[in-house]
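Hints are included, so try docking the two chains, each in its own frame, into the full complex.
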Amino acid sequence: MTVGADLYCNGYYLILNLFENELVTQTINKLLLTGYYLVNIGYIALTLTQIDEVETTTVALEQLAYNIGRILLILSYLHFQNIALLAWLSKRKQILINQFN
Amino acid sequence: MTDLIVKTYIAYLPVAILLTFVVARIFFKNSKIFMLDIFSGREEIAMSTNKLFETGFYLLSLGFALFRMKINKSNFITIDFEMVEGVRTRIETLVYGKQELFEVLSSKVGVLAVALGFMVFFLMYMLFRGKKKSAEGRDRKEELQRIQEI
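Going line by line, the protein sequences match chains A and B. In terms of our numbering, the first sequence opens at residue 8 and continues consecutively. In terms of our numbering, the second sequence opens at residue 469 and continues consecutively.
Watch out, some of these pointers could steer you wrong.
[As the list claims (entries may be wrong)] Some but not every residue of chain B turned toward chain A, in silico, with C-beta under 8 Å:
no.	residue
1	471
2	477
3	520
4	523
5	524
6	528
7	531
8	532
9	535
10	538
11	569
12	572
13	573
[Claimed, not checked] Some chain B residues judged to face chain A by a derived CB distance under 10 Å, without partners named:
no.	residue
14	481
15	513
16	517
17	525
18	527
19	539
Think of the hints as simulated: they come from the structure by calculation, not from any bench. Idealized CB from N, CA, C, for every residue including glycine.
Okay, chain B solo, but in the shape it has when bound (with noise of 0.2 Å):
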């Protein structure tokens, strides 16, 4: 039988996964149509812009959930003092069950969902400010265009 602790990972490593690529699908899938307002409608650079972001993306999250994958187990460790040979000596075990494990795997999944969630929203404002910030560069343009006519 493998450990249980090798169990949780396995369980923990496609659910972080399929995470990281569901939320990554959706949000770049929408933000497409951003993108293109932003770059007023040339297509290619909007395209490359938001598969560079939707790359950097991945790496960040999938880098997060490996680096955090590691169960600590100091939070399993029970002490016990016997008496061997009339010396008190400290003895230290490992005890964890089917319950310790979830525990801990639903505080990791937690996590990494808030943090896709944050790091779903800095990009939404990103976007925005983005979007913000062309849309005066356009008005800017127009502006002078229109003093040079005159």
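Isolated chain A (complex conformation) (with noise of 0.2 Å):
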């Protein structure tokens, strides 16, 4: 069925707004995106295969909701491991300055 193929595209927008630190460059940014471009691209290319048939509403649902959950935190564990590497990041710079000063 079709149905998970158009609703896996809701997925792949959510990750437009994710970074707007001002730490991070242009370049690093547009890296970041593309990974999870990348990251949300595989993932609907694995999952759609996955599916056998969808006979009724019930299967449907279950499918689309687990599927689109496991994306949702998968996409929540990377997302928070950028920003504690950021945090790390930041911490570490501060430290060379000071060790400079």
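Below is the structure:
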């Protein structure tokens, strides 16, 4: 069924507004965004083949919710990882500045 | 008539989404002040950090809510034994009514609410820790300045 394909695209656009931190330069921002798109497309490609026959509305809803929920969890994990990385980087920068002073 | 299970899902989804949005709105409206304090008044970075955490919170909680939406139907299976052509055979039938589904729905919403509560308290702990850390850093900076002046 093609319902899956249509609704997976929703997950794809969530990411657009993710990164707006001034700390990161434009380039790194773009790289991160590309990475996010790649993760999403890869996930969509993987899960589209996994779905077997959708017979009833119940199964369709279950599959959809399960898959979207999983990609959201993966994305949130990556997101928090990124925040931690940013925090670590800025802390290291501060330490370096203090050393030079 | 659509299936009762579908009706349960349709009831569960708006409740979960509304719960997430209300909690996130309240929490992140109030966390702005803490963020401003942590980043010692630098408004841009505080707001953007707040926004990043908000996005992460939405992702995490909606993902969790959708991930465990599926109702485990093995609870509703009743097993009967019948004699079919002289052979005792096992017949499984799905039996569920409004009561069972309502119980399942409430347990799902309850677990989601408890998870959201844990998340909010964890974030509050993080905020308080960050506040303490930044206050310590400010104190150290002041001390250094005083030493340099001497």
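query = Hint check: is the beta carbon of residue 524 of chain B less than 8 Å from a beta carbon of chain A?
reply = 5 Å, holds
inquiry  = Given residue 517 of chain B as an interface hint, is its Cβ closer than 10 Å to any Cβ of chain A?
reply    = 8 Å, holds
Status of the residue 481 of chain B interface restraint (C-beta, 10 Å, chain A) = With Cβ-Cβ at 8 Å, under 10 Å, it holds.
inquiry  = Hint validation: residue 532 of chain B versus chain A, beta carbon distance must be below 8 Å. Holds or violated?
reply    = 7 Å, holds
ask   = Measuring from the C-beta of residue 572 of chain B to each C-beta in chain A, is the shortest one below 8 Å?
value = With a minimum Cβ separation of about 13 Å from chain A (threshold 8 Å), the hint on residue 572 of chain B is violated.
message = residue 531 of chain B was flagged as interface toward chain A. Is the shortest Cβ-Cβ separation under 8 Å?
response = 3 Å, holds
ask   = Regarding the hint that residue 523 of chain B lies at the interface with chain A, is the smallest CB-CB distance below 8 Å?
value = 6 Å, holds
inquiry  = Is the interface hint satisfied for residue 528 of chain B? The criterion is a beta-carbon contact with chain A at less than 8 Å.
reply    = Check passed: Cβ of residue 528 of chain B comes within 4 Å of chain A, closer than 8 Å.
key: Hint validity - residue 471 of chain B Cβ closer than 8 Å to any chain A Cβ   = 6 Å, holds
request  = Classify the hint on residue 569 of chain B as holds or violated, based on whether any CB of chain A lies nearer than 8 Å to its CB.
outcome  = 12 Å, violated
key: Satisfaction of the residue 535 of chain B interface hint, Cβ to chain A closer than 8 Å   = For residue 535 of chain B, the interface hint holds, since the closest Cβ of chain A sits about 3 Å away, which is under 8 Å.
request  = Against chain A, run the beta carbon of residue 539 of chain B and see if the smallest gap drops under 10 Å.
outcome  = Check passed: Cβ of residue 539 of chain B comes within 8 Å of chain A, closer than 10 Å.
When held up to the earlier numbered hints, the structure conflicts with 11, 12 and 13 and fits the remainder.
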